[in-house]
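From first to last, the protein sequence lines are chains A and B. The letter at position 215 of the first sequence is residue 238 when you use my numbering, and the numbering goes up by one with no holes. The letter at position 248 of the second sequence is residue 271 when you use my numbering, and the numbering goes up by one with no holes.
What the hints contain is simulated information worked out from the structure, not anything from laboratory work. Check before you lean on any hint, since a few could be wrong.
Which copy is meant is left open, because identical chains are indistinguishable; a pair holds if it fits in one copy or across any two.
[To be verified] Here are the simulated BS3-like pairs of lysine-lysine, each with C-alpha atoms no more than 30 Å apart in a straight line: (1) K157 - K137; (2) K188 - K111; (3) K236 - K275; (4) K324 - K275; (5) K188 - K318.
Note that the structure is predicted; figures quoted are calculated from it, not measured.
Protein chains: 2
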Amino acid sequence: MKNPNLLKNLHGQRTRPIPIWIMRQAGRYLPEYQSVRGKTDFLSLCKTPELAAEVTIQPVDILGVDAAILFSDILIPLEPMGISLAFKEGEGPVLSPPVRASNDIKALRVHDSKETCQFVSETIKILRDELSEKAPLIGFSGAPFTLATYMIEGGSSRNFLFTKKMLFESPTLFNSLMKKISDVVIDYLNMQIEAGVEAVQLFDTWAGILSLKDYRDHVFPHVERIVEALSAHQRPIIYFAFNGGHLFDVIKHLKVNCMGVDWRTPLSIANELLGGNKVLQGNLDPLSLFMPEEKLKDRVKDIIEEGSHAQAHIFNLGHGVLPQTPPDKVKMLVDIVHELTG
Amino acid sequence: MKNPNLLKNLHGQRTRPIPIWIMRQAGRYLPEYQSVRGKTDFLSLCKTPELAAEVTIQPVDILGVDAAILFSDILIPLEPMGISLAFKEGEGPVLSPPVRASNDIKALRVHDSKETCQFVSETIKILRDELSEKAPLIGFSGAPFTLATYMIEGGSSRNFLFTKKMLFESPTLFNSLMKKISDVVIDYLNMQIEAGVEAVQLFDTWAGILSLKDYRDHVFPHVERIVEALSAHQRPIIYFAFNGGHLFDVIKHLKVNCMGVDWRTPLSIANELLGGNKVLQGNLDPLSLFMPEEKLKDRVKDIIEEGSHAQAHIFNLGHGVLPQTPPDKVKMLVDIVHELTG
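The task is simple: from the sequences and hints, build the whole structure.
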């Protein structure tokens, strides 16, 4: 029978042990991933269903995590909008042309993911079969603001100069871009859910660069619209605004099943700031995986204790696992969480 | 007579108009700075008292800000500790060798800033004369954690892998480094105060990458020790932990005159989280300087209203002004603040 703990907790029902999965659990720190990745480049790996499915399952088999998350990249649905996408080894992604003017936004296509991202639904269908006796599958998308920053900057950024320039100079223009991206995100997640994912996570990696007011006025309404549009499916939704502790007073109004919390804010405080009765996911500092075993164990104990204040708790890191992390420490973390709460 | 508004507000006494200065106000966005900078490289500019003094005064004359801040770099006092320092155009600083092992820390020299950084005290002495009828002079130092990250990483960083590895694997080692850096910071700020600065700011640019617990246990005690060591001078101290909203519950206990706040958290909320009766400095998003005039004015009004909840308010940006910023907008900001509160 499939491991029920993730979905139970997403629906507010605590379990023993508590479930754990790890952001970027299918990734470069795993030699088994590297071996598949060695066959092709990163984008092709995302687009080859058999290989993407293989690396998605690896952490379930190797680490014993309680959920799989689709192996993909948040930038995937931007390519069919008319953006060329390149990943260079050791650098960030490069998106071109950057989207900065009214005409750039008009040129973007709101595509049909069923056709343009068929490789994603095929990956999910393979996984539905191969995971059926094992663990649930989480789908995901970048949240619209985070995707907008990559499109406007043309890649990663330090100061988000062009993003904020557009937001501050021409909020109407910015809003029209957010609307188009949100339409794509809704369609992309609908497609994933129809193909068979059992929960979805919205990654808002860059929301934290905004002030409370700018987030509330220009970003949150779009996130709300996405959540509303997906609600008919009744599939659990997780929203993760990285570095977003200062936004909790707005985020708490989002009607999702679960809130991701990064390592900065203790879960008991996050729980309070988010309204006092939320399912929380998090929040070990990924760098804690370099600690000696006993110290790691103490950290995990702290987080489990902090998480006990929430309605339910899904253990995770507070950000993606780093490529340099020793895989045996990741396995150790999974075992510690299961042992301490079993 | 010298403009008294900064110092009055630092001592908790509100003024009309409220004072404004701008982090990185002496910098690349100013053509007058570029013209001086064209004569030499960045490090030599920091180390040439006549030139450093000249660019320090520029924003007072050009913009009408209510304070000057010593033109220098937070990494300056690290060089005489035995670290080689290089600034390459368009890249971050490079520090070598990186400080990662016990022997690296042992080799660091706790130097006497009066001898090793004489160019700083000479710059301050020139400024004391030249600013005497104009504006007060703020001195500054990097806070020990921020300086430690540069030393351990060997420069800027994205994930702070080596810093957190040291902190998490060997807190005793990390603590010995923090202690040595703090000794240098105390001596460096003592020297600045004795040379004539009228207030000092501690920049903790990277404190926000830490969890509340790690900050409280491993960083805050060192900041407290520095503040305590400087207290005999009775010169106002400003502490600015960038991206540190989640740390306010610890930071509020620091016995400084004023807390810097970045743009993320509204000043009314920051004021509450910091204990309800603090002098606050901040907090316009530097990118707001790309807004049209009327919108910029609305933002400034909001911040002045938010700041009215604090004991006193020093207007500033929530981070340094960017090189791409139009200088006339910066001047406009200073005028708006003075007009709205005059």
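Now the hints, each set against the structure:
1. K157 - K137: within (26 Å within a copy, 67 Å between copies)
2. K188 - K111: both (27 Å within a copy, 27 Å between copies)
3. K236 - K275: This pair counts as both: shortest intra-copy Cα distance 15 Å, inter-copy 23 Å.
4. K324 - K275: both (26 Å within a copy, 27 Å between copies)
5. K188 - K318: Answer is between; shortest inter-copy Cα gap is 12 Å, intra-copy 44 Å.
Checked against the numbered hints above, the structure violates none of them.
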